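Undergrad: Sequence:
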Amino acid sequence: MEILSSITSTVVELLIVPIRRSVTRVFNYSRNVQSLKTHLEELSDTKIRVLHSVEEARNRIEDIEDDVGKWLASVNVITDKASRVFEDEDKAKKRCFMGLFPNVTRRYKFSTKIESIAEEVVKINHRGRFDRVSYLPARRGIGDRSLKDYEAFESRRPVLDEILEALKDDDVDLVGVYGMAGVGKTTLVKKVAEQVKVGRIFDLVVPAVVSQTPNLRKIQGEIADGLGLKLDAETDSGRADLLYKRLESETMLKSEKRLESERKVLVILDDIWERLELEDVGIPSGRGCKILMTSRDRNVLSRGMGTKKVFWLQVLPENEAWNLFKKMAGDVVKYPDLQLVAVEIAKRCAGLPILIVTVARALKDGDLSEWKDALVRLKRFDKDEMDSRVCSALELSYDSLKGEEIKSVFLLCGQLEPHRIAILDLLKYTVGLGLFKRISTLEEARNRLHRLVNDLKASCLLLEGGADGIVKMHDVVHGFAAFVASRDHHVFTLASGTVLKEWPAMLEQCSAISLPRCKIPGLPEVLNFPKAESFILYNEDPSLKIPDSLFKGTKTLQLVDMTAVQLPTLPSSLQFLEKLQTLCLDSCGLKDIAMIGELKMLKVLSLIDSNIVRLPREIGQLTRLQLLDLSNNPRLEMIPPNVLSCLTQLEDLYMENSFLQWRIEGLDSQRNNASLAELKYLPNLSTLYLHITDPMILPRDFFSKKLERFKILIGEGWDWSRKRETSTTMKLKISASIQSEEGIQLLLKRTEDLHLDGLKGVKSVSYELDGQGFPRLKHLHIQNSLEIRYIVDSTMLSPSIAFPLLESLSLDNLNKLEKIGNSQPVAESFSNLRILKVESCPMLKNLFSLHMERGLLQLEEISIIDCKIMEVIVAEESGGQADEDEAIKLTQLRTLTLEYLPEFTSVSSKSNAASISQTRPEPLITDVGSNEIASDNELGTPMTLFNKKVCFILMTMA
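For the sequence shown, position 542 matches number 541 in numbering that gives the first Met the number 0, and the numbering has no gaps at all.
In short, the hints are calculated from the structure, not lab data. You may find that some hints are simply not true.
To be verified - Restraint ranges, calculated between C-beta atoms of paired labels, are given here:
{"no.": "1", "residue 1": "Pro567", "residue 2": "Lys518", "range": "20 to 30 Å"}
{"no.": "2", "residue 1": "Val525", "residue 2": "Asp693", "range": "20 to 30 Å"}
{"no.": "3", "residue 1": "Ala593", "residue 2": "Asp693", "range": "44 to 54 Å"}
{"no.": "4", "residue 1": "Pro841", "residue 2": "Lys759", "range": "11 to 21 Å"}
{"no.": "5", "residue 1": "Glu664", "residue 2": "Lys722", "range": "56 to 66 Å"}
{"no.": "6", "residue 1": "Asn671", "residue 2": "Lys401", "range": "18 to 28 Å"}
{"no.": "7", "residue 1": "Asp279", "residue 2": "Asp693", "range": "50 to 60 Å"}
{"no.": "8", "residue 1": "Met637", "residue 2": "Arg274", "range": "51 to 61 Å"}
{"no.": "9", "residue 1": "Asp487", "residue 2": "Glu664", "range": "49 to 59 Å"}
{"no.": "10", "residue 1": "Val525", "residue 2": "Gly588", "range": "34 to 44 Å"}
{"no.": "11", "residue 1": "Ser862", "residue 2": "Leu804", "range": "18 to 28 Å"}
{"no.": "12", "residue 1": "Thr212", "residue 2": "Asn318", "range": "35 to 45 Å"}
Here the structure is a predicted model, which is why all the values come from computation and not from measurement. We put the beta carbon where it would ideally sit given N, CA and C, even for glycine.
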């Protein structure tokens, strides 16, 4: 019986159960279909919630977790799969036997697919319950950018590989790289950072520069920037604690791809000169956090820091050094007569990349005699010590500079902080010191300085500073410049942050003293520097006292810069500086500065951020003044009348974020302030930074044709924020009568960055504001206009190119704007446009016509927000003769943002997109992996965003 029972049970399991399951699937066909639809709706709701979270995260500039992107992709896949199955539903509904019975076979197959998909939908929906969808990214740093100029020297490949292996070793927390100055340590660790990011060895790479005089707060700040962390603590220890906890928490985060280990962080500490207490900085070593350090001294790494793995980066071998030298010097080294000399010179560069590049470029255009002379001079310094070779190579580069003026500028840079040298500061100094001969105007000095700075950059003795108007110096070059200045010109200068214990006796012979941010033992009662021409003292120590008789022994001074020194009262001895031509008292907390009026030879006066409330009447005595900088003095409320008009030699006037209380000429009988009309009496004015809140006080013919550089704000509500650096900027909120004034029209034609607010009486911007099409304009922002219909109206213009140099166009709240370009503009119009942003333009149906699109080949970013009747981006003009097979080629487009566009259908009217309606203005959320826009419309019908006629490359959808 047991055997029979077992056989019966097996038969039931193998035959009856499958038959019952099959029959159930056939008869539960409708229920299965409805169940899948329900699960799909639930999945759609989950997807929408996730997408909302993703959008919020992107608005916070956070990165999206990889598993979220994969989940969204899986939702699209399963949704598409279900859609294809539903397309076969009609076949499953067909009946057989003359329609009397359902087709059992088809219903069974269809129901089976439905059940399988429903199970998968439920699983995917369950996985979509994310606790978080994003994370705060680290600042783009040395591990995130490809090193385009990296020279892959074969001799350095083993060192690179060994460093990478050491960083992978779980038993190694500290790794060091050492070598002499200029050998390429920083460049190598940048390459390491790139490799560990690409190879997913570390999740985060955070760099910081330590330098010879470590600034703990600066180091902490750089690491915090890399982590996207704001350090709110006041004390160093408090900041260290915050940093420690953040780094420790980063290493405890679990990642999807590394479930069994912590999140790994690499901290790079560049240029260590002595032991650095990691705990004081806030760096935890071990437990997923490793430190890679560079230094010029092996002992600092091995003994001072206790580094387990230390690697020596040696100079380049002769063959690689020669190849680099040839690359930098050019074809000239191929000449037979010169090649042997060039090979010897390359050898004398001691295999240091920085020196090879510097020397080769210095000799690039030289003849044979110059090369031979260079070789002789290099041999004179042929010593056993490598530092001597470094000095001799830099000596050659210095001697190769043509003229005393460029050498003087180079040595001046050696007296300043090397990593951020403002060209405007150099201009102030060179004018004060009279470094340029046969120069009488500030404009001539500026042009000469820019040429010399460009020559120094071409010689690699100066480097780009990362922002317009800023340069920097390599540490080795800076040290050399300071050495030469001291040796040849008796300049006493110390590196930033150096502690000076006592004043040396040799200062009586010095021609210049420069102590940028040095720690000094107070100042003597009298500076006995009878030969000194310049005195530079950046000092933020609030306890530093300035003796009243300080300058009695320095009557030869031509330049004084006491930035950040607290000077509530100026020392009376300042009036003895009869030869002083440049005085910089930036950030000095000044009060009474009337004494400055006694400095009759003054050409440059800089009072940036000096906290002054009143400009004294005595300033009007400075009739030789060429540059007056009053920037960032928002408390300045009083400038006596007829002071500015006395400065008849003035060429540069900077009042950025400063004085606003201009009086109306002729309406105030007892006026106590200056009027704008006084500036008309400055015949040499070529640079003007100014904010006029009330446009009605503008005098007629106020703006001069001589203005070469200007940043002029007219009207209330403007700020001085600088999103971009241009030499000419205007921000206008004015009436039609004022905008037609000749001076305004003159500046509009020369403006590079233009902002217009509340423009009245203008329907066509280009035609009515500048009939020439704004040939110099690079950036245009227009907002809050009730009358503008077109930006360019080609029907009103004589044939001319409109906005040929325009890089960015921003249009906001233009209620009657119908088109950006009306009719077909002249070819090359908008040909340089890269960024186009439109927001709250309720009458705009499209951005541009197909004819215009053909000229917009440089577009990288398009943003359209809250345009209620916007239908397409590119529209075909009625009656146009466009080729049906012609593709819309926006091949440079990288970002497309579409939000709150209820009538939007597709990119181009040439596509066969289905129009859909939306009951409320919801953001259109685009799916990168699809050519459709997901929408909340009731039918659930997706809009076709792209068709085969639209060509994009590497586009990011926002």
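Undergrad: Regarding Val525 and Asp693, is the given constraint of 20 to 30 Å on their beta-carbon distance met?
TA: violated (50 Å)
Undergrad: Okay, Asp279 versus Asp693 on CB: inside 50 to 60 Å?
TA: holds (54 Å)
Undergrad: The hint says 44 to 54 Å between Ala593 and Asp693; measuring C-beta to C-beta, is that right?
TA: violated (29 Å)
Undergrad: Does the beta carbon distance between Asp487 and Glu664 stay inside 49 to 59 Å, or does it fall outside?
TA: Distance hint for Asp487, Glu664 holds at roughly 54 Å.
Undergrad: With 51 to 61 Å as the target window, see if Met637 and Arg274 comply at their CB atoms.
TA: Holds, at about 53 Å.
Undergrad: Take a look at whether the Cβ-Cβ distance between Ser862 and Leu804 falls inside 18 to 28 Å.
TA: holds (21 Å)
Undergrad: Given the hint of 56 to 66 Å, is the C-beta distance from Glu664 to Lys722 inside that range or not?
TA: violated (34 Å)
Undergrad: Should the hint that Val525 and Gly588 are 34 to 44 Å apart at their CB atoms be regarded as holding?
TA: Violated, at about 24 Å.
Undergrad: For the pair Thr212 and Asn318, does the Cβ-Cβ distance stay inside 35 to 45 Å?
TA: This hint holds: roughly 38 Å between Cβ atoms.
Undergrad: Just to be sure I understand the hint, the distance between the Cβ atoms of Pro841 and Lys759 should be within 11 to 21 Å; is that true here?
TA: Since Pro841 and Lys759 have Cβ atoms about 19 Å apart, the given range 11 to 21 Å holds.
Undergrad: Using the C-beta atoms of Pro567 and Lys518, is the stated range 20 to 30 Å upheld?
TA: holds (22 Å)
Undergrad: Does the Cβ pair Asn671, Lys401 satisfy 18 to 28 Å?
TA: Violated, since Asn671 and Lys401 (Cβ atoms, about 54 Å apart) do not stay within the stated range.
Checked against the numbered hints above, the structure breaks hints 2, 3, 5, 6 and 10 and satisfies the rest.
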